[in-house]
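**Student:** Next come the chains, spelled out residue by residue.
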Amino acid sequence: MIFLYLLSFLVLVPFMWMISIAFTPEEQAFGQVALIPTDPTLGNFETAWIDANIFRAMTNSAIVALTVVLSNSVIAVMAGYAFAMLPFRGSFAVFVTIISTTAIPVSVTLIPLFLMARGIPLAGGNDIFGQGGSGLLDTLAGVMLPYLVLPMNIFLARQYFSMAPTELAEAARIDGAGEWAIFARIYLPLARPLIAVVAVFSFVGVWDDFLWPLVVTNSAEAQTVQLALARFLATGNIQYGPLMAGAVLATIPVVILFLFNQRAFVSGLADGSVKG
Amino acid sequence: MSVNSVPPAATSTVAAGGARPPLPRRRWKRQHVVGMLFVLPAALYVLTFQFVPVIYGLVLSFTDYTPLRRGGPDFVGLENYAGLLTDPEYGNALLVTGRYVLTVLPITVAIALILALLVNRPFRGVGIFRSALYLPHIVSLTSVSLVWLWMYSQNGLVNEVLNLFGATDQLWLLDPESALNAASAMRIWKALGSNMVLLLAGLQSIPNELYEAGRVDGAGRWALFRYITLPGLRPMLVYVVVMDIIYLSQGFAEIFILTRGGPLGSTTTVNYLIYTEAFQYNDFGSASAMAFVLFALIIGFSVLSVRSLVGRQK
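Chain order of the listed sequences is V and U. If you read the first sequence in this note's numbering, its first letter stands for residue 1, the second for the next number, and so on. If you read the second sequence in this note's numbering, its first letter stands for residue 1, the second for the next number, and so on.
Bound-form chain V, shown alone (with noise of 0.2 Å):
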């Protein structure tokens, strides 16, 4: 019990430093850093806010987090819903292999998606061959290019779906309802619980998310809040004052997120993913 009470404390300590620190003034925070700041200041908030344009980023993760969750929460759940109520012939086949692609390591694909976000055609400057111009490279579309479709998703839309009751549907066809309707009248709306996995999971991934966005952006206009808060870092003296109030910021989402919705979380992560 108290091995649980000490690692619980642990675990938490350095959030509390990351608070405390970015409400001490930056000529404190190189010295002994006091957990309660005895002049605490936002002025912290206003450098991250100025410059490293924390809020532009903070807003263009919400905008790729959000597309991706809704693209989800549609395409993916569509697909898990017909593996689960739909099935046709070799569609087992196919989901299997679509959920294989979940053990491919990032630095594989993540050359070639590189190459193709720089040769979308008619984007970004280039010809209808992709050729000539900059394609969706530094571009909120090219962050959320690869994360549109997320097969995780479509495993836990499957896995959701196949414990539904089948009458409904049964009754529905019965009154000629089409199986479209059937699917977004009838199951979707039920599928709550389903959805807020879903969303939970793609918008924390997609917020958290680092080394996809650095190699597709290069400009403030188009970075995430990660490579916000990492180039900013990478810009001369470390500032640990500004750096900790944008890291607060950035965090604030996730953490709202996970207050309301922890047994998404942890369904969702029982359900079938963990990460580092």
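You may find that some hints are simply not true.
Computed from the model, here is a short list of chain U residues facing chain V with C-beta under 10 Å [stated by the list, open to error]:
#1 47
#2 50
#3 58
#4 62
#5 110
#6 114
#7 147
#8 151
#9 186
#10 192
#11 249
#12 253
#13 270
#14 271
#15 275
These stretches of chain V come out as covered by chain U in the derived footprint (C-beta under 8 Å, 3 or more residues) [unchecked claim]:
#16 169-176
#17 199-211
Read the hints as simulated data drawn from the structure, not as lab findings. Glycine is no exception: its CB is placed at the ideal position from the N, C-alpha and C atoms.
Once you've looked at the hints, dock chain U against the given chain V.
**Tutor:** Relative to the frame of chain V, chain U by itself:
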């Protein structure tokens, strides 16, 4: 990105719950087509942005290609792979990555298992402990790495605490001896929560009747753990270990923030090397070869660990 995989408990329900009773013949054909139409957008997307890149990457790994030149890639056969064999940097990156995984994984899994056992009992406020321990998992690697960067700095928390015990200040991330261990310590802290939650789910899937039967037979606490908990937990344990191998061997963001691969390459993981090779030295061909060797090694070690963990059962 949390590119996830499928846990053992879940796959068994797939098999069980997946098959639907056969549909009436008249309806069958139409639903068959509709089902395919429902799957089509997702399947095309996964094909385009998962399978095509893997093939594309494999092709690139046999070429000499720099993105700055607009000409196509030049085929060079196995040259990139042959080059890796004698590349001391790549060898070093593999060793660093291996050390990183082998440091973080056993410690994380061991502590997470103890924690899972502790929070598996009902007591007041257990939810708070579960949430607190889970918190590092949801916060981005970038943000937590920034905090740990401060903690490891000259006047940071680590030195301050050690000073209380009379130790002198040390620059943890600037010493080749300690930098990788410092990064590992952070990653252990970060990975505890998700491992704990998964192992907890594994514990809760063990039927209570087994424990009752064991107690009736007079088994002690250790015997219950040894002969009921551990075997029952094995499928989830295998899953946790394999997932940890996959994720830890791809360490990147924490290295980028904490050390930039330094000092003296002592924290240059394979993914960090691939990133610099591709996007600083613009050598896409050789970076692709590095990625595929890593891919092969991850698969190899995952299969090995599954074999050894499952094999022990028999």
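**Student:** Starting from the hint list further up, note which numbers the structure goes against and sort them upward.
**Tutor:** Result: hints 4, 5, 16 break, sorted rising.
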